[in-house]
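Student: Spelled out, the chains give:
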Amino acid sequence: MTHDDGGTAALTTIVMLPLLLVVLVGVLELGALRAVAQRAGAAADLATIVAVGDQDQFELAQSGKLRLAADAADVARDYFARNLLATTPALGASANAIAAAADIASFPTAPSFDPLTGARYDRPTLRLIASIPVRTPGFAALLMPAVTTVTIQSVSSPR
Amino acid sequence: MKTRTALSLSAVLLLSTVPAYAREPLEDELPPIPAPPVPDPVAFVVPAGLYYVTDTYVADVVATSDATTVYSTTTVHESTGTYARVIDTVDTGASSAFDGMAFNGRGALTNGQALAGTYYENFVLTAGGYVPVSIVFFQDDSETKRLQGLSSSAVAPKATASPAPAVTTAQRRDQVAPPPSIERKVPIEPARPTMRAGISLAPDGPTLASAEVLRGRLVQFWPRVFANDVAVPIRSWRLVSAQPDRISAASGSTQPLAAQWIRMPAPGVRWSLRFEIFSEVAPTERLEAEISVTMRSPALVD
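These protein sequence lines are chains A and B, in that order. If you number the first sequence the way my numbering does, the last residue is 159 and the count never jumps. If you number the second sequence the way my numbering does, the last residue is 302 and the count never jumps.
It is possible that some hints are incorrect.
[As the list claims (entries may be wrong)] Okay, the calculated beta carbon distance ranges per label pair:
no.: 1; chain 1: A; residue 1: Leu30; chain 2: B; residue 2: Ala250; range: 55 to 61 Å
no.: 2; chain 1: B; residue 1: Val240; chain 2: A; residue 2: Thr109; range: 31 to 37 Å
no.: 3; chain 1: A; residue 1: Arg159; chain 2: B; residue 2: Gly100; range: 51 to 57 Å
[As the list claims (entries may be wrong)] Computed list of chain A residues with no C-beta within reach of chain B, every gap over 12 Å:
no.: 4; residue: Pro18
no.: 5; residue: Leu46
no.: 6; residue: Asp78
no.: 7; residue: Arg135
Worth flagging that the hints you see were computed from the coordinates, not collected in a lab. Each residue gets a CB set at the ideal place from its N, CA and C atoms; glycine is no exception.
Based on the provided sequences and hints, a complete structural model is requested.
Tutor: Written as structure tokens, this is what we have:
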């Protein structure tokens, strides 16, 4: 290596280092965001499954058919908030606030049609759509939004 | 040297072992199936004057001997497990609040006057108490034609409604002599009720041919028997088909079958529960009831 080549390498390093750091921070933050989104999605899945397990016993005795309980949406909202508690440090809002703002729809009888998603359900179904604000300090360091909102959806029915 | 090394390695491996605590997750976590509720027998209300029927209505009888026509009722000494009580005793021509309500009707003399007799209300005993099922009229009257100078339609009715029986519904027949000629009417209702069995998911719920059941959920199946579409008490039941994973009992009487399925069947497969049932009304009559069970489990939808 000559004296001139060494100067070129140093200059290249000085120029590229910030770019490498930006890429590294971005990748790490994106991975963290994805992990939080997965945990929130799992919280929603578990909440809807628990709510679907709560069936209307009177209707079952009368017709022999499964039908969602009248409070299925409330049960799902309650369990969604409980399940989100473990992820609270990474969230941009409280678990209760996120669960309260979630769009939870109960379709107690089948077949039914979801006007929001356009889906057709052949069994009693519970659908949850929530916007999850996730803290992204890495993005903030890169002059991007400090909170990134992720939308999750979960649909459950007895099958 | 090799032996020492092997012993040392074995000692290290044994000391570093950790119990796996492996177990069947569903083997001992399931709570015992609670005993289903038993109907409170104290809640029964016994109608006044009720007695157990030992003689059952068969037909209305009209017997003519010379100038006298006797209107009576024949019975058979048989118990169908029902109960009855006197609700009205009427004289010839007198009206009753129960006219038109008896399944066998109330006849009339040749001059159009309604017959004397007694109205009985029949009951069956159910889990909820005594349920009225029908009203029957036991006619007990006679008329004598005036032979001299009168047409055949002129009659002198004899209104003699005797007092109500205390024990059976066939004690009034001995008031008239055996007639020489008898015209029998066809009985309107058979003496033995039509029996039907079914399975419901509630003590007073409708019988169902099929039901959807959540996996792991405890479900109570109530064997039920109906006499003329009126629920009657169960004497005993027995599960004769393939059994669920967990059941409270394979046979019983007043208590339902509490069942629980742990395993899911193959897609499209339905399980069936078939019961053998005996009722209190017809203890010797074997009835069968079946319900098809479809297993469901909460799952995510794509």
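Student: Hints first: check each against the structure and report whether it holds.
Tutor: Cross-check of the supplied hints:
For the pair A:Leu30 and B:Ala250, the beta carbons lie near 60 Å from each other, so the given range of 55 to 61 Å is met. For B:Val240 paired with A:Thr109, a C-beta distance near 34 Å keeps the hint of 31 to 37 Å intact. At about 55 Å, the CB distance of A:Arg159 to B:Gly100 agrees with the hint of 51 to 57 Å. Once the 12 Å rule is applied to beta carbons, A:Pro18 is consistent with being away from chain B; the minimum gap is 43 Å.
Not every CB of chain B is more than 12 Å from the CB of A:Leu46 (nearest about 10 Å), against its label as outside the interface. Distance check for A:Asp78 against chain B: the nearest CB is about 16 Å away, which clears 12 Å, and the non-interface claim stands. Taking the minimum C-beta to C-beta distance to chain B, about 27 Å, the non-interface status of A:Arg135 holds against the 12 Å cut.
In this structure, the one hint that does not hold is number 5.
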